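Using the hints, put the two chains back together into the complex; each one sits in its own frame.
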Amino acid sequence: MISVEDLWKSFGRQEVLRGISLAVEPGEFMALVGMSGCGKSVLLKHLVGLIEPDRGRVVMAQKEISSLSRRELDELRSRIGFVFQGGALFDSLTVFENTAFPLREKTRLREPAIRSKVMSVLEQVGLKNTENKYPAQLSGGMVKRVALARTLVRAPEIVLFDEPTTGLDPIVSNAMLRLFDEVHRRLKLTGILVSHEIPEIFSIVQKVAMLHEGKIVAVETPERIQNSRNPIIAQFLSGSPEGPIEYR
Amino acid sequence: MYRWFSMLGAWFIARLGRLGKTGVFFAHSLLCSVTPPIKFERVVRQIWFVGWKSMLVICLTAVFTGMVLALQGYPTLRRVGSEAFLGPLVALSLIRELGPVLSALMVTGRAGSSIAAEIGVMRTNEQIDALELMGLNPLRYLVAPNLIACLVALPVLASVFNVIAIFGGYLVGVRLLGMHASTYFGEMSNYVEMSDIVGGIYKSMSFGVLIAWVCCYKGYYCRFGAQGVSAATTQAVVNTSALILVWDYFITSLVF
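Protein chains in written order, with my numbering: chain E, 12 to 259; chain S, 39 to 294.
Here chain S stands alone, though its shape is the one from the complex (with noise of 0.2 Å):
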């Protein structure tokens, strides 16, 4: 019994330990993305990778999310009487739930994984050593301006996402199923209000700190070895994933 909550003890340590150690490391990374000298260089191309290489699988998933809406939604609200609200669920859902989300999945996917691959293989190949023992503050040099990128990069495309989207609906309700383009248009002006669009880039922003959180994290701390950096992306990814849509509940019951 005594040897079971020993063991149980150090397990809860070294968890506790973990996230100490993930809390440190971001609260550092924090602190070189506000304090000069900031690599606006580098921030700038992390900007054009994160952001403008992440575009096309964006506008791509885009269409599709806002025909798929519209598919789903015109029936349903058909059954009920109210075919004329397609266009504030479809913007509704976008803005406020599925643009920030779905884009911030698609970076993690695209982006992050890349992120945590590249910090990972640098860290196998000594080169953050080489960059410590040069005194250059690795966090600064590689994690801070994938937390600007994210930062800056997520909100604009959650917000390509919502415009592509909003006209994937319309292809669908319009073209294909007949609605007025007026009332697709008309009545999401009526329903869509500034906070929405504010609530949804607070959302888009915190989950851009979270990608470069988790992805440097991971590739920063990955073991050594190709299976090292491989299990680093992995966990990446599926860690970033599966927090996006914990914090998204949390946030949205923050924000809205």
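In isolation and in its complexed conformation, chain E is listed as follows (with noise of 0.2 Å):
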């Protein structure tokens, strides 16, 4: 469903992605791990053709990003989801228009079909009598819901996360993770989830990916990541300050 091959990024002189490979099967969720700036967003942004690789393919449900045309690649967008790390909610908006956005602008829905949809997603979110507020009248956490609504409302097929955890506080975390598993297992979306929350998504996926100064370290399962030897994964797991992984 998502394949990439020896992908390779640079941003002036600095290589931010150094020949990566990956693959993801249908309806497999898998977890994207690394150190902070080691090109986990930048990675996910290539996977939605946001960013223009410098050598190496990315093929996402059959089709390779980099050879659609422009209303190709509109298409293959729509049946694609992604959360933002902030959310990207239009502020001047309020959480039923955000929700609505994407259905009023890109399908024939009659408004009342619309509100129903918008509606029923906002409840599944845990969202129900919100649908007035603003952005900047939400906490961080019903941001990140809102976000998950705008993206579910559409009905995607892959759904990439970008950090939707971070910055929350650990209940609001937990119970967002909760929430992409029973969304995941209910929909049966195929996805990539980029977080920090250790050990808490190693229950909700099936394969984790560790991403180290641009290059794939390791795709395990969840429990052989957490039992590895190699001390990369060993050192970002335990969180220790001491081992090959240098930090600044």
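No lab work stands behind these hints, which were simulated from the structure alone. Zero decoy hints are in this set.
Straight-line distance between alpha carbons at most 20 Å, and here's what the computed EDC-like set of lysine to aspartate or glutamate pairs gives:
id, chain 1, residue 1, chain 2, residue 2
1, E, 56, E, 16
2, E, 199, E, 36
3, E, 117, S, 167
4, S, 77, E, 122
5, S, 59, E, 63
6, E, 74, E, 168
This structure is a prediction, so every number in the text was calculated from the model and none was measured.
See the structure below:
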């Protein structure tokens, strides 16, 4: 469903991705972990064509991103959901309008059908009775749930989560992870979740990929990752400042 | 020596690349403004924002511009015994030059800065990326409505500016300095021609396009963080203002 082959990307002299190869099977939920600034978000943005690679291939739903025309890319993107780190909600629109936005702009659904769809998805993410609030009036957790609702309302086949729990307190963060798990199981989505919530995310994903210095260090099941003897993985999971990972 | 040439070449190529990017941005935005689907709701909202919300500042600057023109023009014309031509002096200066230019500069400061900041914040908060990932063209959604709105609003604002400023000139010339009202308005209608008015409208339309183009571009490609938005806003206002004055010379030589 998602395939990345030998992906390279530099910004100026800084090499961010150095030959990444990755595959996610249909229905699989993969966690992408690694130090801050190691290129996780850059990799996710390559998957939806927001960033063009210097070298390498990205294939999403059997379509190679770089070979698509603008229209084909838009069509493919309508099958993919992306939950941004900060939510990326439109601040001048209410929760309802934000959630209804993709339906109003991209479908020919009538207003009553849109209302019923939006209210249903807001209820699923636990945001009933907040539809008239503006993003500025919401807590961090609520903003991220609205972002999830806006993604789910389009019924995507693939969902990419870019640090959706960063900045949330542990209770809200765990509730959010549980919500992602529930949504993934119910809708049988294929997804990649970038997160620092370790070890909590291990209980909701089937595979874990670790990115370090622009390269994939390992792609394993959560159990194998947790028992890995690779010193980089071991240091990252333990959170120890001593080890092969240099930090600044 | 070779190093200097190489650096100069790299600088020149980078500048040329940026110029090309600006041109492509304009061409795409223009295409989105004339091909369906046009976001009428956003166009109307932006016309209200650029046009109606600039009205107060336009009226205020217009009345004082007209007043000072009369105050400076009357004694100067009197020296050569031509004070009767105060009306044409005020009207022609305004319609051909000051109305379009000053209203464009005012709109740049009030609405252009705001457009650049709004689009810049949307870029920083990844809202533009979100639009793209929904399969929506951000240029069609964010830039085209501003382009159409500025194209429509600027000639109207410049016309309002002219009328109010002529009234300001009347207040000083007729009410304060004792000139006869029929001389002020009579000579004006003798000397102002339709081509002057049409030329002024063309001018302000081109300024409208310039404001939308530069301000949207600066916001769209703004750097990240509060500093990025602030730099984009400043650059949008400074670059647009300078370009208005430069372009004014060329369009004046073309139109009049």
